[in-house]
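Chains as they are written, first to last, in this note's numbering: chain A, 1 to 420; chain B, 1 to 163.
The hints are simulated quantities; they were obtained by calculation from the structure and are not laboratory data.
From the three backbone atoms N, C-alpha and C, an ideal C-beta is built for every residue, glycine too.
Among the hints, a few may not be true.
Now the stretches of chain A that chain B is said to cover, found in silico as 3 or more residues with beta-carbon under 8 Å [as the list claims (entries may be wrong)]:
1. 33–40
2. 44–50
3. 364–371
Result set (DSS-like, lysine-lysine): computed pairs, CA atoms no more than 30 Å apart in a straight line [unchecked claim]:
4. B:LYS131 / B:LYS3
5. A:LYS171 / A:LYS341
6. A:LYS48 / B:LYS5
7. B:LYS34 / A:LYS393
8. B:LYS131 / A:LYS48
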Amino acid sequence: MGMTITEKILAAHAGVESVRPGDLINCRVDIALANDITAPIAIRNFRKINAKKVFDRDKVVLVMDHFAPAKDIASANQIKFVAEFAEEQEITHFYDGAEMGVEHTILPEKGIVGPGDLVIGADSHTCTYGALGAFAAGVGSTDLAAAMVTGEAWYKVPETILFELKGKPAKWICGKDIILYIIGMIGVDGALYKSMEYSGDMISHLSIDDRFTISNMAVEAGAKNGIFHADDITKEYVEGRFQREPVYYESDADAEYFQRIVINGDELEPQVAFPHLPSNTRGISEVGEVRVNQVVVGSCTNARYSDIELVANLIKGKKVAKKVRMIVIPSSPAIYSRAMKNGLLEILIDAGAIISPPTCGPCLGGHMGILADGEKALTTTNRNFVGRMGSTKSEIYLAGPAVAAATAVTGKISSPEEIV
Amino acid sequence: MMKGKAHIFGDDIDTDAIIPARYLITSDPDELAKHVMEDADPDFPSKMQRGDLIVAQKNFGCGSSREHAPIAIKGAGISCVIARSFARIFYRNAFNMGLPIFESDEAADKVSAGDEIEVDMDSGVIKNLTKNEEYRAAPIPPFMQELIRSGGLMESVRKKIGS
Ligand code: SF4
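Looking at chain B on its own, in the form it has when it is part of the complex:
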């Protein structure tokens, strides 16, 4: 169960907005977290709190393949990202490294900034505690669930090579 305050973003939030290239001289999560979403909202790193969620519109994470983007979000303690849709590489990256993400039109339509949101990872049910509403997320494909269960992509490779 994940619970936190919602931060709202619009369409096509690109990876340069999530973590600008000027910070790509490191891949350290704590360093990257200091600048998360900075070019979309300069105050975001200081006003967000661990456990908070991001709720965005379509095509979240478009642009570069940099894994620094989900690393920065996870490093900052964002519990999950809900969007109308995700860019494909960001989608893969999030699952591969265990950042929970959900696609939900309803949540994208109805959640306002500051709403208290609770997400049930298994059922994909999103509760808006502030507005007393409930939304559905698109189910996570079984293949992806398996990836999460085995602890991410590298853990499943570890099993494969028996190291």
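Same shape as in the complex, but just chain A:
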């Protein structure tokens, strides 16, 4: 019996010939990641057992992004605590200050993670790196602490659901619409404990940024990981960037799947997830009249260069609607600076948008755009749980960058068709 790409990566990192779903295995990890919220607990665990050194100072990555630049004294102290640990352990990849960006954007961008890797991260959206053909899964701080010390982690080999993406994506369809459509179809626990794997001819039409978005939201379907096979687009992205040697794994033709689901590109229209679950999706034609107070283009889901470029192109020469706050948060310093050099930020500012430094910011209700009682936001982030962006009496609608741009201009949730 053949193996899936996920099974192959897990087997290789466990040092065994083959694995089957349900096997409990111990794996070597290539990269162990934590952020300003999860690292403090991991570091306390590290101290509690008197560990002296991290397993490899080049492979532990610490990114200050959630409440950074520090939003208050307590979060400043958390960041300082992690910074001191990073200095003591001579951590190579510690990012804060001018190097600060959203972790799941900067790890691939800097070539810290790449194809064939096994990545463990104390952040649920660690699954983002599956876009490159890596096995990447989120864990809690204690798992991460154990990995920081030993360089290993235990896994239960998941069953896999194969999504065959067929045809060409319809107009305006981007990665976000595809993944929201899938989550709407299978539910927020539709892939619980499972791997989501993507195949099909539509993938050659999806940019690497679209794939990051799709892998990013695997956790919103309850999955352990969401993985693509590397192709020419992946290789072009990885070459000259990835700091180690990529290993390209492919699922075997006779690999066994728990379920196969076919998605046809032409059946898709832009998607919006209504409050308060990412699975509560509707096509844009079924949204009705929903006025919003805030539009956010940000987060590890949709704030890469191509997202900002799409929004700027759509909004160019138009104005953000009165009484709408539009907040754009490029997710890394590199994206910020490229968008600035290419005039995208100017277009956005002229239209009336607010540009935030690269941070998680309002995505998890941290800072830089907290919602008041009764307010509504349309955002390109990944979760619309009650209170996620501020008041428990506010409402969050999730969509892709094209819908976000249109919504900012009209002041109500709109199709990009309405503003072109």
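Guided by the hints, dock chain B with the ligand onto chain A, whose structure is given.
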């Protein structure tokens, strides 16, 4: 043996409901406990008592990887969480830090708010003393039992590195 009053919650209770991000500026269990489940039920922190249990439906603990969620529940003195199913990261976190959790369809179907519940950790038998019923929980995988026996994940790492 764990014994306490049941508090009932529905499907997909996410980590933002268990402990909202606005409180993540600390990882102190006592501080976090003050706000446990606050966004799902604002009165919960004041009406619950140490030893009480949470009984929920499917996908409990979905969302973020924040360990602050099981820390807040444990810090508040909740003795265990019973649900139809758990989100995977929450499941791992609970075992790694020694918060007992059980998957039981029967309990999720039959327990009502305020029922007096007794759980036998070893056998996974859940007794509803109020209704005089007995439910079964899914057995805890031997690997996880071993984790609990060695005192959680960090203790097993401590043994490994001999510190
Ligand atoms: S951008 Fe949002 S979802 Fe992504 S890591 Fe930050 S808080 Fe989490």
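Results of checking the hints against the structure:
Coverage of a stretch by a chain is defined here by at least three residues with a beta carbon nearer than 8 Å to that chain's beta carbons; for the region 33–40 of chain A and chain B the count is 3, and the condition holds. Figure legend: the region 44–50 of chain A, annotated as covered by chain B; annotation consistent (5 residues with Cβ-Cβ distances under 8 Å, at least 3 required). Requiring three or more residues with a Cβ within less than 8 Å of a Cβ of chain B, the coverage given for the region 364–371 of chain A holds, as 3 such residues are present. Between LYS131 (chain B) and LYS3 (chain B), the direct Cα distance comes to roughly 14 Å. Compliance with the 30 Å bound is thereby established for this hinted pair.
Among the hinted pairs, LYS171 (chain A) with LYS341 (chain A) is consistent with the structure: their alpha-carbon atoms are about 28 Å apart, no more than 30 Å. The hinted pair formed by LYS48 (chain A) and LYS5 (chain B) fails the criterion: a straight-line CA distance of about 33 Å is larger than 30 Å. Taken as a hint, the LYS34 (chain B) and LYS393 (chain A) pair is honoured in the structure, with Cα atoms around 20 Å apart against an allowance of 30 Å. Simply put, LYS131 (chain B) and LYS48 (chain A) have alpha-carbon atoms about 43 Å apart, too far for the 30 Å limit, and the pair is violated.
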